[in-house]
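**Student:** Throw the hints in and build the complete structure from the sequences for me.
Residue numbers (our numbering), protein chains in the order written: chain S, 1 to 237; chain V, 1001 to 1199.
Check each hint, because a few of them may be wrong.
Said to hold, decoys possible - Covered by chain V, per the in silico footprint, the following chain S stretches (three or more residues, Cβ under 8 Å): (1) 56-64; (2) 119-129; (3) 228-234.
By construction, these hints were calculated from the structure, which means they are not laboratory data. Even glycine gets a Cβ: it sits at the ideal position worked out from N, Cα and C.
Here are the chains, one letter per residue:
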Amino acid sequence: MGLILPPSLSRRRLLIGAGLSGAGLLLNGCGTSLGSRRVGQLTEPLNQAIEQLLLSQSPVPEFPISAIQPDQLLINTFDETPQLDPEQFRLVVDGEVNQPMQFSLADLQALPFKDMVIRHVCVEGWAAIVQWGGVQLQTLAQLVQPKAGVRYVFFTSADGYYESWDLASSLHPQTLMVYQKNGQPLSVDNGAPLRLASPIKLGYKQSKWVTQITFMNELRPRLGYWEDRGYEWFAGL
Amino acid sequence: MTASATKRNAKFPSQSALAKTFHWVNIIALLLMMASGLQIYNANPVFGGRAGWDFPELVLLGGWLAGGRAWHFAIMWVYSLNLLAYGVFVFVTRRWQHRFASSGDLKALRASQNEKRKNFAKHRLVYTAIVPVLLLAIASGLAMYKPAQLHWLAALFGNWQTLRTVHFLTVPIVLAFSLVHSLLALKVGNLRLIKSMFV
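**Tutor:** Below you can see the structure in the form of structure tokens.
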């Protein structure tokens, strides 16, 4: 199942939303998705500015291995689960870089290993303490050498999911491209062969089945699958 | 000002414009925070997770999770800045010394034979006690909103489930408080006292 889906704005629902709900009585229709989006647009620039101010490049304190909650990490996908052959898998890293590159899973596993025990926080409200292991995105960035004007990173997934991040969050020491979860090889449901993981962003920012990482100077019109449907873009924790 | 007008002013309770504004803004902001908060709650109920009971659409605001979040993270500014402004006002005007519960009220509750004085003390105690709950709503909310950057704040609450539970419990506490606060105000100063706070 995906994140909670937007309600279809049927006439009945609009009437319920606008006329009957307790707050709706007060607001007369602002409780609908469209009205909420306008409200969010009013304060999201301020909220994002504060999130960027709070963001620090020092690592978020981690949890002990004993704190891992294997059963708490729920599976969310927006569509179907792609089956990728780990042998054939290639990660493309391109965009505004001096040295575009391709990595096989073995190439990635040969790079310096980094793992972390962090809290994975879903926008839905649940959270789970998880161990993720893989390679720092900053390691990949050092290899491809982003050009001076790069400010954003775009992640393309095999299932059609897409995400974009600010560069500072992408280069955070705990922003990893992972192939390991809780000491085991990553399962397909959790995003194998390769997914994004970080303690500093909400779960929907952490794309699974990532096949392409693109460094960019400007954001694309398509920000991210859930962002384009009304969720916050920065989504910093 | 005539003598009779002075007399009437003394007889009818009057509130400062700032106290009135605080009450109006606070009550509206809290209603919006609760309705949008319950919308967020429904995405993954605090009690029982995805299998848990959720709140009926009638009390929700936002239409779906992203809408609930949009409202919650917009109105949080109105709620907290209003509370901050009122805090500064209470501090600067020294109202905390004579308008909030004191040791005198505790003594009156224990020893006084005067029923009116006791109700007065009870009322002051109740509306003073809500202040830390209003602040707790902000602290627990911030801890859940930014658990990585404010990890020290999140750590104060122990684990995630406790943090979510504490934040949620501020809703029934605030609702119960509003009821008791209103009933005690009625008892202490009749409808005139309540009216004086809002008009």
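**Student:** Does each hint hold? Answer for all of them.
**Tutor:** Status of the hints after comparison with the structure:
1. 56-64: holds (count 3)
2. 119-129: This one holds; 8 residues, not fewer than the three required, reach chain V with a Cβ under 8 Å.
3. 228-234: holds (count 4)
Of the numbered hints given earlier, the model fails none.
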